[in-house]
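**Student:** Chain by chain, the residues:
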Amino acid sequence: MKRKEWIITAVVAAIAVIALLVLKFRDTSSGYVVAIQHRNTIVMEFDPMVDAVYTVDGDTGGLQVEVKDGRWHVINEQCPNHVCANMGWMGVNDIGIPITCLPNNIIIFLEETPK
Amino acid sequence: MTIERNRRFTYLALLSAVAIALNLLESIYIGPIFGVLRIGLANIAALLALKILGRRELLIVNVMRVVIGNLLRGTIFGSTFWISSGGVVLSSIVMVLLDLAGSSLMFTSIFGSLAHSGGQVLIVILLYHQPGMAAILPYLMLGSIPTGILIGITAGLVLKRIRPLKPRP
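Chains A and B supply the protein sequences, listed in that same order.
Mapping to this note's numbering: the first sequence position 85 is 85, numbers consecutive.
Throughout, this note's numbering is defined as the position within the second sequence, counted from one, plus 115.
Be aware that a few hints might be false.
[To be verified] Distance condition first, Cα-Cα at most 30 Å in a straight line; then the derived BS3-like pairs of lysine-lysine:
no. : chain 1 : residue 1 : chain 2 : residue 2
1   : B       : Lys166    : B       : Lys275
2   : B       : Lys166    : B       : Lys281
3   : B       : Lys275    : A       : Lys68
4   : B       : Lys166    : A       : Lys68
5   : B       : Lys281    : A       : Lys68
6   : A       : Lys4      : B       : Lys275
7   : B       : Lys166    : A       : Lys2
If you are wondering where the hints come from, they were derived from the structure by calculation, not from laboratory data.
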């Protein structure tokens, strides 16, 4: 690989690291709800600070979302890939990646509410 | 002339088969790393097609891998199909452009991998009207660089062991 190519690759990596840091240290003082979207419709919203288990129907049978100590993760998913369950726990202070279950067409993401 | 044409056609068929097999094997046995990142082993076949056969053949191998791969998994024309198509279309465009610019195999592999992730995220954003999905991009960008290097090294090792074909007449 040429020197110029290494430099471009390093610049891209640096941009990614900066973007990750910005996401990690963003202002999380606002209120938040977690929304569950099936296809293009939000089918449920919940407070991440209240421990509970929510069940959602999806295209391949659906899944459950367990909420505990301000964090949430997918359990009992009925889909062939199990990617959403493998994504593990997400929280308000994490970098904000939506949990995605493509076979079920379900996305679980954080929504900011006005202060 | 005919022998050379047959050799090219055989290489194309073999590389398409390898791409489909690697794609299926990865999705069944390896799965995503850290929940979201895939190695993209099928890209080895795409890079080999680009370097041995040419740009048109890269497109053929990539189309075959998405269409037949999804057909075999039973996900054809579902959301997974459109998302993998987005990744493959963008990575093919980037790889062809980088090849035209005379970039090295490794650089083409890294940016092909980056474009693949970018294309997939773009389709998810459009499909689900979910701009928040862009938050995954820096994570995927950081992951795509080492996987692109790994794929580039592997493709380079294979290229050293393959008898080159005569240029297309």
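**Student:** Each hint should be assessed against the structure and marked as holding or not.
**Tutor:** Consistency of the hints with the structure:
For the given pair, lysine 166 of chain B sits about 11 Å from lysine 275 of chain B by alpha-carbon distance, which is consistent with the 30 Å threshold. Between the alpha carbons of lysine 166 of chain B and lysine 281 of chain B the distance comes to roughly 12 Å, so the proposed pair stays at or under 30 Å and holds. Distance check on the hinted pair: lysine 275 of chain B and lysine 68 of chain A sit about 53 Å apart at the alpha-carbon level, beyond 30 Å; violated. For the given pair, lysine 166 of chain B sits about 51 Å from lysine 68 of chain A by alpha-carbon distance, which is inconsistent with the 30 Å threshold.
Proposed proximity of lysine 281 of chain B and lysine 68 of chain A is contradicted: the alpha carbons are some 63 Å apart, above 30 Å. With a CA separation close to 24 Å, the supplied pair lysine 4 of chain A and lysine 275 of chain B stays within the 30 Å bound. For a cut-off of 30 Å, the pair hint linking lysine 166 of chain B to lysine 2 of chain A stands: about 18 Å separates their Cα positions.
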